[in-house]
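> With the sequences and hints as input, model every part of the structure.
Each chain is listed here by its residues.
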Amino acid sequence: MSDVLKEDFIERYKYILRDEFQSYLEKLSRPTLPGIRVNTLKISVKRLGKRLRDEDFEITSIPWFKNGFFVSKPTLGLGKTIEHALGYYYVQDPISMLPPIALNPKPGESVLDLCAAPGSKTTQIAQTVDNTGIIVANDINGDRLKALLGNLQRCGVSNTLVTNMDGTLFSERVNQNFDKVLVDAPCSGSGLIRNQPRIGREWSTSVVEAMSGKQKKLILSGFDSLKVGGSLVYSTCSLEPEENEDVVNHLLSERSDSKIVDISFKDVKSREGLRSWKDTIYQEDLSKSIRIYPQDNDTIGFFLAKVRRLEG
Amino acid sequence: MRAKILDRSERSRIYGYLSDRYELKSELDLGFLSLRKYIRVISKDITKINIRDMRIENLGLLFGEWILDDFMLSIEGSQLVGPHADRNVAELDDAQFNTWMRGGKLTIDDVKSDLEDGFVIIKHGYDYAGCGELSNGEIWSSLPAQRRID
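Each protein sequence line maps, in turn, to chains V and Y. Residues in the first sequence are numbered consecutively from 1, following this note's numbering. Residues in the second sequence are numbered consecutively from 1001, following this note's numbering.
Everything labelled a hint here was simulated from the structure, so no lab data went into it. Please note that the accuracy of each hint is not assured.
DSS-like cross-link-like pairs, simulated, lysine-lysine; straight-line CA separation at most 30 Å [to be verified]:
(1) K146(V) <-> K1123(Y)
(2) K269(V) <-> K14(V)
(3) K1048(Y) <-> K217(V)
(4) K1037(Y) <-> K146(V)
(5) K14(V) <-> K288(V)
(6) K146(V) <-> K1105(Y)
Partial list, derived from the structure: chain Y residues whose beta carbon lies under 7 Å from chain V [stated by the list, open to error]:
(7) D1045
(8) I1046
(9) M1072
(10) E1076
Built from N, CA and C at the ideal position, the CB exists for glycine as well.
Here's what the structure looks like:
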């Protein structure tokens, strides 16, 4: 794998990972097992599990999410089964099931999913609250909205309103504050290199920096759409500090009523967020954000942070 | 986008049709709205948020649509109504269900004899998979192309 990665990428990850760099590199050369999330709006985990095993699927439970399975056979064509067509499951990377768990939406609450397409987290949130409350699922990208709309329908989601707005301007344009906000931001995708080696070949600091600028606007807009006492989860499938700790640090600096809070997941190995990068020393609380490396749980790489809005 | 929450008489029209056609064993309690020619199901909590200023693309779940005086359920509509239905439900065997999921039409002689012309709900074991129109001894598929399997 190292032969397709750029030198500055390798240097960067040697610096971040130090003596773990080799184990990281080894993981990059092997794709992850696909995962599916059982859509409990339509079928129970037990029923779907039995049905898939009867059809010779090889599935194992995901330790950190009771409604998910790793699929070791078949690994292709998961989106072409009758069960998929009927909306009984959603093909989703197992680690990307974490943001809605961290968000912890309650029945009846209002939720904003600021960058929602193609809908994996929106549909997971909907099943978590059993189709109650209201989710506003927003995305700026019109083409990706079609996938979002299709997935919401297929999964039987009836508590969602889909908007097509620039997420960075959402709080300015819309006079509504939400109990929970998810900012699962568009990113360079460097956590996905295992499954998409192209990302490693095309990686560049200029893309990372451009993403970072946009993500900082998104997180502020998401935070400004929160009610007092509400919570925001920020996540990416990137492992670049500029797209993660730097973005959350920007929010904490710009909004005095924001406070980062602890998140932890049962049976997920994770690391504390970085405290510094290049010339920047981040706020102490950034250690409450979490990084998940491919070698930690044999998954893609991921980043999450949870922020609460305090009384002004 | 001109969506409208259905009033009591409009809801009664839908429930009345579904009760007559499918002889529902129990009452449904769904929030409905109309959007263009479609009837959608929406969480009743929608009234809790201010949707003014939002550029809305869509909302809720497609439940079905009126076609003259008949009502065609979507797949999800059939999954909501099907478990309550006692009549005009076509129960398919494995081969018929495979045909249906590939967008094929079915012949009534192979399915069940007490179905009435018009829309019938498609059932296979636990699965409800939309509805088809029974006419001249055949059930014509209304399964959207993107929901069919190859």
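> Against the structure, test the hints numbered earlier, and report the numbers of the ones violated in rising order.
9
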